[in-house]
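Novice: Protein chains in written order, with the numbering used here: chain X, 1 to 290; chain U, 1001 to 1387; chain C, 2001 to 2550.
Treat the hints as calculated values from the structure; they're not laboratory data.
Predicted, not measured: the structure shown is a model, and the values here were computed from it.
Take the hints with a grain of salt, since some may be wrong.
[Claimed, not checked] Straight-line C-alpha distance at most 25 Å; calculated DSS-like pairs for lysine-lysine:
no.	chain 1	residue 1	chain 2	residue 2
1	X	Lys-89	X	Lys-159
2	X	Lys-243	X	Lys-159
3	X	Lys-89	U	Lys-1380
4	U	Lys-1055	X	Lys-89
5	U	Lys-1290	U	Lys-1196
6	X	Lys-220	C	Lys-2514
7	C	Lys-2190	C	Lys-2118
8	C	Lys-2190	C	Lys-2205
9	X	Lys-38	X	Lys-243
10	X	Lys-193	X	Lys-243
11	C	Lys-2118	X	Lys-38
12	X	Lys-220	C	Lys-2443
13	X	Lys-38	X	Lys-264
14	X	Lys-160	X	Lys-220
15	X	Lys-190	X	Lys-261
[Said to hold, decoys possible] Take a look, some chain U residues computed to stay more than 12 Å from chain X by CB distance:
no.	residue
16	Ala-1070
17	Met-1225
18	Ile-1357
In this text, a Cβ means the ideal position worked out from N, Cα and C, and glycines have one as well.
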Amino acid sequence: MMETIEYTDRGQFFSGHVACAGCVEALSLRVILNTVGKDAVAVVPPSCTAVICGSYPHSAANIPVFHTTLESGAASASGVKRALVAQGKNDTTVLCLAGDGGTYDIGLQALSSAAERNEDILYVCFDNEGYMNTGGQKSSSTPLSAVTGSTPAGKTTRKKNMVEILAAHRIPYIATASPSDLNDMEAKVKKAKGLRGTKVLIVLIPCLPGWGVADNSAVKVARLAVETGVFPLFEVEGGIDYKMNVTTRSRPVQEYLSTQKRYKHLTAENIATLQADVDDDWQRLVNRCG
Amino acid sequence: MNLMNRKNMQLLSGNHAVSWAARLCRPDVAPLYPITPQTPILEKITEFHAEGLMKTELLTPESEHSAMAACISASLTGARVFTATSSQGLLLQHELLHYATGARAAIVMCNVNRTPASPWGFWPDQLDSLSQRDTGWVQFYSESPQESLDSVIMAFAIAESVGVPTMVCHDAFYVSHSMEPVEIPDQAMVDDFLPKFDPARKLDTAVGASFGAPLDQNTWRRSRMDLAESLAAVTDETIRVGEAWGKLTGRSYGPLERYRCDDAEMVIVTMGSMCGTVRDAVDTMRENGKRVGLLKVRQFRPLPASMLRDALAGVPVVMVLDRNYSPGTGGILHQELKAVLSGMADGPKVHGLLAGIGGANVSSETIDRWVRDYQNAEPKPESQWVE
Amino acid sequence: MNKPQSPLWTNSTSEARKTGTWRSALPDYQNIPSPCLGACPVDGEIATWLRQVTQIDHYGAWLTLMENNPFPAIAGRICHHPCQTACNRVQLDETVGICSLERFVGDKAITEGWSIPKPEVERTESIAIIGGGPAGLSAAYQLRRRGYQVTIYESREQLGGLLRYGIPAYRLDNSIVDAEVGRITDLGVKVHLGVEIMNSAALAKLKEDYSAVFLATGASRPKALPGLDYSQPYVQDSADFLAITNGGKTCELGENLLVIGGGSAAMDVARTARRLGRHVTVLTLESDENLPAQRTEVDEAREENVEFICGAMLKDVNSTKDGLILTCARVDFQPGAAKGQFTTTQIEGSEFELRVDAIIPAIGQDADLARWQDVVPGDKGLIDTDQSWRTQTEGIFAAGDVASMARFVTEAVGQAKHAAVAIARYVSPDEAKDPPPLLAEAKFNVINTAYHSPDARHNQENLKVEVRLQSFDEVQIALSAEQAIAEAGRCFSCGTCIDCDNCYLYCPDMAISKLEGGGYVVNLDFCKGCGLCVAECPTGSIHMQEDLPS
């Protein structure tokens, strides 16, 4: 039978936002906000999400959104949560919706601390692998060899492994998600929502202008990221129990790379290196899953 | 009179007096990060909390920066919020101090004034908070543990009614670690004085309104005009709250305190712990027939300009003692006072002394000497390094 | 004081912003034909009824099937299923087993006793149909359900033609023919059995008595194999053989039989003879890979121990008291450009002998045209017709094997359907036209296969060979309901919206709304024209159209 998408749109995310046409960060927001529902508050550091949820006097979200500073996402979310708890609203979900700059780079300190305190927040990182809202510069999430505005010849170092960093904090739940697998994304949001403590969801967001992807293709590129093993879908519970949601790789990394202008310059050798890295990472992940 | 016989008197350091004030104000949320010499505030609060004497949600994040970030968002969620810091911590918060004001977060923070590095030092100096003067925070400078306690309670009343964040500053060690008998007000009285925080707008799932979204130029300008309007109301609010507190406790406060300034030929203007020394020096000089008075600036931000002009109208000579040095400018209070008094027909001659920078000791006798040195001197535009 | 705080809280939703102005293209919902539809001789809405099967709406599926073909149970057994040959799914794994599903639905209708809805209006115009085989019955059905008065003239004693007399019971049992033919006559079709329209005068008389006449007499005259003496007792034509054996009579030819021909009829003869205990050899001009019969028929014949000699021809027959000694020769077979065309060259020195008791030639049949030559002329063995199946004589139409070389049951059914529309338009000009020609087909590349996991076909199983050879029981065992639903679920629904909600749920701008009763509408205020809905449509039923600001 054909696979169908199951999430329900509860009217939590509004039309008229200013995401680029075809932006899957907006799509992922739609899924997440509708899955989390009305009893929620979101904290948003500067990012594409901040632009999408704004701008004044309009809001694209049907829940209160607090726009905070770039490095403060997790700390601000903690503050909201504690204030709600002080008011007896223990069940209200507090979301932090950040980009990879606000997560892997400048926001890592606050996130690490919130995770260490096991603050009861659901932290979502929309990982478009760079500072795309400022026009596309590298972050520590940018992968090896990718061209950005600040790595014109391709990045010379690897992408930071945020899941392992977070797992070391032994928080209740970490998961990766992709806009190509909305049922998986919905299930993970639901699961995270039902857990107390710090939950982190890292969502891969192929950025149309930043990666050089056609307007209608971000889902396809995200799907290739999953199918090639570049971005495995998996969950970590308690920082220890790893579980892969997609256990097979069906395509070579080249098929993923060739969809994006940021990899246009790659040589066969570069591609082989990237494939070898993916192979290694995949095996390491498989081993962790026991 | 034996102070210890009065109701609820305890021998407290300035920091513990602040902790007591925080406890009495029943903050919903208190994010705290340790730093010398603020740490006793944190420790006393966590002790109260551990003993079940405070129901506050305590956060102990990884930095003052995250502490302030949590303060702002908690405040906007409708929580009464307290925090405390000092020096490097305050400076680390700089970005968020601006953010808090723009967000109209009614946070109350105690800053223990300490030298900013480098070089490293841990001594009384007000440059840390004075250099935050453009962030829009209301700033009070306290002279004693009792005043620090009273000021924190009054700061909540002011911050929450005007909708601006408020800082109560006291000097490292001279106030923070000095013990004195402090009257701890009745909880019921404080509860009555400080009703539950209930802001008109907050992050409320029942309403769904959002704060902080990017906006256009004109709306940003308008937000500053609104802020200016609120800040313009602070001085009156300080007076109103200070008088109300005085009726309850016998201790009234205002933006300024004039001490033996009537008929003074020279008025010494200063802030914080220096006021105690000056007060003592003034008493001695008055006994010796010198007509010298003290003008204590308690509310530095917003600067009560009209009140300062009124207070110093007809005074021949003013000597400003700045326990801070703004590199390239000099004493901050000196410069600000000159600007405030500028254009007064009967304005005083203003001397600016960089006194006790880095916590260097300033005794009553030293002040007496400076009065003699500067009483008849022609003022210079620059602040003067003195010992 | 309690001055209201900052006014900088949002006070409206982003819907105030009409981001549809960004757009330069707009999605357009338009179903386009699936390749199976394009290939289907009756224009069956295959994707539609397969979907209905997955929704366990078997009655709905049957009605959809019946729109174009009154014989789903029959076609589900014997159709040459060009739909499956065209199926896009072969590029993912295997084609969808459409035929077995059609049989499933057809059988369900028979089991449940579903009948065809009566015509909504009765019309006075009358149509005579000559020939009660697949074409004649298809036309009768299509005309009668539109309310026309239909009379069938059939020369044999029962309706069904090839279906009844030409296809053995192990492929198509007469009970199935009875059920599906009976449903048509139950609509109120007059039937004259045992009546042959022998000549032009009789045809002209019918034309006067009726508003229109439809000729569907099929191909009833066996092609003759040159050099073979059909008058000999050891020669029996395949049509006669099948009519006799389908009628329950036995074969009186000897033990060892030679069947000549590689088509379906040859397979039917060979396999029938095997069931009657005969030893059978099939001799074909065509090489094995070029046999015109369906591959499953050839495979099943081999399973049943039919021997094949492919790429060879009969040269001479020598009758002896111990049987026939046949001289045969190998040929080099070269298929031609068109179906049925080929060249053969005898290979020098390749002669060989066969010993059999009788010969059954099964090399095809021709239409009998001579009798009506004065009224409806024809040449090349077919009545001349135009694209609407009109003969050169006004008011007379012809389709099926009498007018076409297509020579498949469902081709005849489809032609007769189109002819019926033309007839209706002729007798009653207010009738709806035949639908316009189909748009381009939905190709495999418009299918987003991410939503279709590889999944092997659920095949019908066959009876065991030992069982088959002892009876005329149906060889193919029908799919179970579970298998049928699973198999129908393999359909890509190429080009057909299936209300899956992907477009609605993938839109990052919430610019697509669901319509009550199915379908979607694009909100022009907010559609930015990204095309994600098109890219993620699993069936290729949405298309981007340029939409520049005016």
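Novice: It remains to establish, for every hint, whether it holds in the given structure.
Specialist: Here is how each hint holds up against the structure:
1. X:Lys-89 to X:Lys-159: violated (38 Å)
2. X:Lys-243 to X:Lys-159: Within the cut-off at roughly 21 Å; holds.
3. X:Lys-89 to U:Lys-1380: violated (60 Å)
4. U:Lys-1055 to X:Lys-89: Holds. Lys-1055 of chain U to Lys-89 of chain X sits at ~15 Å (cutoff 25 Å).
5. U:Lys-1290 to U:Lys-1196: Answer violated: Lys-1290 of chain U to Lys-1196 of chain U is near 49 Å, above 25 Å.
6. X:Lys-220 to C:Lys-2514: holds (24 Å)
7. C:Lys-2190 to C:Lys-2118: Measuring from Cα to Cα gives roughly 15 Å; hence the hint holds.
8. C:Lys-2190 to C:Lys-2205: holds (18 Å)
9. X:Lys-38 to X:Lys-243: violated (30 Å)
10. X:Lys-193 to X:Lys-243: holds (18 Å)
11. C:Lys-2118 to X:Lys-38: violated (54 Å)
12. X:Lys-220 to C:Lys-2443: OK: Lys-220 of chain X and Lys-2443 of chain C at ~19 Å, within 25 Å.
13. X:Lys-38 to X:Lys-264: violated (43 Å)
14. X:Lys-160 to X:Lys-220: Holds - the C-alpha atoms of Lys-220 of chain X and Lys-160 of chain X are around 24 Å apart, at most 25 Å.
15. X:Lys-190 to X:Lys-261: Violated - the C-alpha atoms of Lys-261 of chain X and Lys-190 of chain X are around 35 Å apart, more than 25 Å.
16. Ala-1070: violated (3 Å)
17. Met-1225: The claim stands: Met-1225 of chain U keeps its Cβ more than 12 Å from every Cβ of chain X (closest is about 16 Å).
18. Ile-1357: holds (32 Å)
Going down the numbered hints, you'll see the structure goes against 1, 3, 5, 9, 11, 13, 15, 16, while the others check out.
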